Structures are given as C-alpha cells and as structure tokens.
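With chain A held as given, fit chain B onto it using these hints.
2 protein chains.
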Amino acid sequence: MAGTIVMKFGGTSVADAERIKRAAARIVAQREQGNAVVAVLSARGKTTDELIGMAEEVSVNPDPREMDMLLSTGERISCALCAMAIHDLGHRAISLTGSQAGIVTDESHTKALILDVRADRIRSALEGDHIVLVAGFQGVSSTGRDVTTLGRGGSDTSAVAVAAALGADVCEIYTDVPGVFTADPRIVPEARKLDRVSFEEMLEMAASGAGVLQLRSVEYARNHGVRIHCRSSFGSEPGTFVVPEGETMEQPLITAVTHSTAEARVTLIGVPDTPGAAARIFDALAGANVNVDMIVQNEPTTAGGRAEISFTVPREDLRVARAALEPLKGESYADLHKHEEMGKVSIVGAGMRSHPGVAAKVFRVLAHEGVNIEMISTSPIKISCVIDPDRVGEAVQALHSAFELDGEGTILEEESTRATRAEP
Amino acid sequence: MAGTIVMKFGGTSVADAERIKRAAARIVAQREQGNAVVAVLSARGKTTDELIGMAEEVSVNPDPREMDMLLSTGERISCALCAMAIHDLGHRAISLTGSQAGIVTDESHTKALILDVRADRIRSALEGDHIVLVAGFQGVSSTGRDVTTLGRGGSDTSAVAVAAALGADVCEIYTDVPGVFTADPRIVPEARKLDRVSFEEMLEMAASGAGVLQLRSVEYARNHGVRIHCRSSFGSEPGTFVVPEGETMEQPLITAVTHSTAEARVTLIGVPDTPGAAARIFDALAGANVNVDMIVQNEPTTAGGRAEISFTVPREDLRVARAALEPLKGESYADLHKHEEMGKVSIVGAGMRSHPGVAAKVFRVLAHEGVNIEMISTSPIKISCVIDPDRVGEAVQALHSAFELDGEGTILEEESTRATRAEP
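Chains as they are written, first to last, in my numbering: chain A, 3 to 426; chain B, 3 to 426.
Same shape as in the complex, but just chain A (with noise of 0.2 Å):
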C-alpha cells in the first residue's frame, strides 16, 4: 500500500452523472496507483439550495434539528451514486453516511463543531479492500444521536478530520479552479498560481476572501497536522499544497491579494466608555453565530465620555447581527448606523512579519490610485483595508503590480518573492 489519500469532491464536481463517473475515475486512478482511498462528497450542484427551498416552503423558521435531517440526504446521495459508479469501474466500494463514519459532533445543529472522528469503521472497510465515500457536511451528535450538520462548506472539514483520524498523508480537494492564485485570475489575468503556501498565510486568506477553500478546515488542518493539496477536477497537474511554514520552498515577503466585495459596516454611536460596554456588544454578536471582521473604536471625544465603535461583518450576517444588537439598544449604545456597500482589500504572506514597511507601501499604493481607506485591520501577516467596493478591482490590480506579484521580481529592494491569492 503506498499511502492513504483523502480526496474531497465538492458540489460541482458531482454535479450530474457524468461528473460522478469522472470523479469515480480519478477515485479509482488513485487505488490503483496502490493507495487506501477514502473520498468525501458534497452534496449535487444545487441540491442543498433546493432542499433549503423545500423547507422555506413548509415552515417560516424550519426547526435546526430537522433542517439538519433534511439537509444531510444530499451527501448521502452523492456517495451512494459515486460508490455504484465505483462498482461499475471493477472496485469494492462502500459509502458511509457521517454516523457511521464515526464523525462525532456536538449538539449544535446547522453549525455543529466535529469533537472525534472514530474512524473504525472506515479503517476495517480499507482493510477489507474497499475505496470508502464518506459524506461530508454532516456528523452525528454525541449525546443526542441526532444528525447534524458543519455549516456551509464543512464538507472541506469533513475530509480534513478524516484526513487526521487516518493520518492521511495527504487531503486532496477538488474544485473547479486549479489552485491557489496570487490574486484572482478574473481581475487580475497575470495572477500565478502557487506551488506552496503556508497555514497560516492560508488562514489569513481564506479568512479575507480567497473562496477555495473553507476557513475552519485551514486551521483543523493545521492544528492536526494535515497537508492539503487544492487542485483541479478537471485536470491532473499539480495544484497547491497548503503546509507548515517550515516546509514552503521560500519566505515570500508577500503572498498574494486578496479582496470581498460583499462586507457590511456597523457603526454603534454613544458607547458609554465604562468596563464591559464593549464586551457586552461582541458577547450578543458571538452568540448569534455572527463572524465580525474588524472592530474600531473611537476615542470619547465628548465630557460625557462616549465612544464610537464600528466593525465589519459580512453582508449576509447583518440582519443577523441588527437582531442581536437590538435588545442592547439604549444601555449599551444610543444609535446603531450600517452602511451595507462595502469591499475589503488585503495582502498576506508570512514575509512581511520582519518588514514593518510594507503597510507603508500599500497605503502609498492606494492614495497613488486615489483610493480611500475606511478602516485598517493588520495581523503579523495580513494587512487588510475597507475601501469603496466600486474601487476594489483597481485596488487588487495595483497592489498585485506593485509588489511584483506576477513574477520572480523584488519588493522593497530586500528580497524575492513569490505570492499567492485564491480564487473565490
């Protein structure tokens, strides 16, 4: 036996018939390069779309437990589907639904968080020479024995958590895009893509835009040790590999671009400047699942020491987000203003940790395109600015050019580089 693969497919990957037997052909190519194969399937092009529908139809707000029950058949059909297409192909095959699996989850339905992956079953069906499809997306609940579901894009967690359990040596997931990008090719046409990247550069742009890949499987990757290799389904060159800084062949200084065009700004007026004021607002907001981005607070300018605190959160979390706010209203703060037309702009890579002059370059960049920063928010890899979204595309353009991102060039008369950006 060579070594143990993951291989992820997601929804378009299993879109229709003719897709699933693709997919089934490169399952198979894998096992018979010798590897145990274990492969996790989304679910069907707009599967999970319509049975949202089929429950909007039914009920003005679907019970989370039920919503998860109705949910979880789409990657059940995925699997069952590409298990027979297997059969077909001359391979055993067996396909799991996440219970027997053995992906155990808490209790929170439509976001559940996989706690143990008790991967017997799948390990004595490789034993026994089959290729096992494990349907992603879903778990079962430790105590309550319900299914559940991770929330959209779990399917990626899915398979890196099986991926850990088997001490996979490595978690291949298939989209529709080669791999990862320096920027995103439909803006950016000379955009590479990267060979290697790191975890951490990994997070900072899954969490700033770049789409290929979800951010909670980013950091279980990393925490358990998992390399990730993105590549394409529809073709068999190498992607990116997403592994420990140590093992990218260069410290970039910069990475890649990235961009949203789909982030809202809150603004809370008259934050009483007490202990806890503070604390209270992001309390409600983390409570109703909201996922804030940056957070700026003003200094009370006024004698009755009141603040001002704006975030960003992302567009489909605002009404979310208005909700959780409201009961605050009054004690809390006097006025809540939202302005839901934002975009975000951001440069990461692991270089820049030593190079303090790189936030300098990029707002000179900016105000030399005559775009305006509405907020700043920095990581030690990750600089990122709240533009005008109208101005977004010449942003990432002229941040792209100017740290030499297209080709072997150097940034800041220090070092070569090379960069990255993934395609939404």
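Keep in mind that the hints were calculated from the coordinates and are not lab data.
Warning: the hint list may mix true and false statements.
For chains that are exact copies, the list does not tell them apart, and a pair is met inside one copy or across any two.
Stated by the list, open to error - Derived lysine to aspartate or glutamate pairs resembling EDC-like cross-links, with alpha carbons at most 16 Å apart: (1) Lys-23 - Glu-59; (2) Lys-340 - Asp-319; (3) Lys-23 - Glu-58; (4) Lys-363 - Asp-319.
Because the structure is a prediction, the values reported are computed rather than measured.
Chain B only, in chain A's frame:
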C-alpha cells in the same frame, strides 16, 4: 392520553408543500384529541422513481447496499419537512430515520424483512410530548449497521410494525382513495365502500390485485393483531377497518371482486416427472424473489413421463423469472414459453368457505359472458380465474352484478351479503 395512533401517509399525500402542511394539520388534529401520535411517511410523489433514475444513470447494475443508502433519503426528506410544518402549528415534533426508530431488519438490501422494532426512542419521544415522524420503507440491518429498505410499498409495513411494537390502538393508512371497495369504482361505478373487512379477506384481495394495502403489511397486522383503518387523506369520513374475522359485523358470502391486468404466464415444457423437478424450479424463482401466483401442472401424457408446468407472475417480474430459470434449462425443463398479456379476475369472501356452489356460479357467469377461463386457482375464501386481459372489465362487472355486491341483496338464495373491493 386517549390512546396511541399510528398514521401512515403515502407519497401522494406528501407530494408538495401544501400536502405536507395538510398532513401535518391532520396529525396535529389527532394529537389535539389527546392521542399519542406517530406518523410514518413515504417519500414525496415521484422521489423514489427519480432516485432510481439517478442510479441507472451512473451504473448499469446498481449495488443493492448503495441503492438502499440512496433510496432511504426520500422518506427522511418527507419526515423532516413534516416535522417543521408541525412545529409551525405549535406542537413539538421529531423525525426519526428507520434506524433511529429502531426498525431492525435482515441484510437483504432492497427487500429487507423486519426482524424487530426496538421502539425505545419512539416511546421516550412520545413521553416527552413529541409527535414522532418515522421514515417509512427503511430500517437498519441487525449485523451490518447498514441502511436497508423494505421494497416497494414497504412504508405500510413500517407503519404496521411500529403500531405493533407500541401496542397502538389503530394504524391509520391514508391514501388518495376513501377505503376498500366491492370492486374498482372506475370499472364498476356502483361499487360500494366497505366498512369492515377481515384480515384474511384483505390478504386475498391484496394478493389478487387490490392496490390499497400492501400484502406484507396485512400479513404483519394479522400476525400481530394490529387494527388497520384505510382512509382518505382528503376527507375526514371513516374509511374501511381491517380487523380480525370475528369482528366483522356479518359474514358475507362474497366481499369483493378484484382484478389485475398486469399478469404474465410462463409455461415450462418437458419437465421430467421425477421427485424434485418442481422444487428446483420454484426454489430458483423464490431465490430471485419472484412472486409466483397460480401454478398448474399437467399430467405427463407421453411414455417419456414429461409434464408441463404453467404459472403466473406479475408482468414486471417476468424478466427476472426467465433469468432465474435459464440455468435449469435442459435439466429441469426442455423449453420455456411465455405469454406476457394475461388478466385475472377474483372473488373474495370469508363466507364462501362453506359454500362450494360459489365456484360453479363464477364459471357460469363468465361462460355466459363468453369469457374463456385459461387457469383457475382457489383458496377457501377466494376463486381466481386467468382470462384475456381485454375481457377483465366485463368479467368484473358481471361478477359484481351476479353476486349483488352493489346492494344488500342475497346470493345463492341463502343469505344477505355485504362485499368489498379495493381500488388499485
């Protein structure tokens, strides 16, 4: 708590959002009468056919285990959606898969037999004031922990089995017809709905063409003493109760005329007149799960001692029957003839046990209509005749009229009767 009621809704009763809401309202109405309520649901409308279509697109010969994984999703979708609709009506509800409901089967994928119903989880949900939705047609295999399905129409059997395990007061089977009739009202407009019919009669009727209940579910109900109430999902009037023979209000001579136009006849020529020849033939058919109905063997007339055996099967089983018999050709028979278009008309009635004159009257009526009888089979409470499928309508009408099933008249100049017939 007034009692425990199991309600079963078929595919047409949950085919779309409106119908699911209507089923939910009926379920809630039973709950609000003070009953503990379990509802067993089928897959929506054409879902099962669509899933089979998907399987046939990806595989020429879909694996039975994977077929069960695939098909079992349909009923889960129905149950989750119905639970959501019940929540919206202000009641607690929980959907359970066949596995969660404790429906334990053998390992015969696509045609599993129920071995046991371990209804602990259903019971504790009922005690917790929940309405319980159970996915019909499916279970979990006792040793393999795999999803199994019970075969077409298996949801009736699921409902009866759950009712038996709970000691329910009644198992209500909701369909798109108001109950069991003395004949198919599309053929005999004067056909009457029956108030009651005995298990034994219902078994014969189900076996001879009445589609309103699955044969297996009636057998299970008889063996476990489960009262069945067949009624319409579109009205609230009572339907037909299927009850032990002693409970039928009167002992009609004839209860109903049933028919089928979906029969095929197989004739095996040159069967050696030796012990075991017939056994080998019918063992092979049973092994292929072919439902053999009538069997006629001609005496060997030639010196060589070779007989002719004819039997009827549902037309849809003909291909499988031929495949099962192919290996026996030469040894157990010389040649096989088939006749794909056969009809069958039957009269059923517990009262005929002590009236041998019934058969003679049937033959007279058919002869008077000029209908040729090709095969005959009888049981103590049934007489079936295989006839030209084009003459089935006339034969049903003539028998219904001759036995005065449309009124309260007498037959054989002896007793008053009431009679029955199920609509397909």
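Status of the hints after comparison with the structure:
In this assembly of identical chains, the alpha carbons of Lys-23 and Glu-59 lie at most 16 Å apart only when taken from different copies (10 Å versus 33 Å within one copy). Within a single copy, Lys-340 and Asp-319 get their C-alpha atoms as close as 12 Å, which meets the 16 Å cut-off; across copies the closest is 66 Å, which misses it. Only between protomers do Lys-23 and Glu-58 lie at most 16 Å apart by alpha-carbon distance; the minimum there is 12 Å, versus 32 Å within a single protomer. For the identical chains of this complex, Lys-363 and Asp-319 are neighbours neither inside a copy (32 Å) nor across copies (77 Å), given an alpha-carbon limit of 16 Å.
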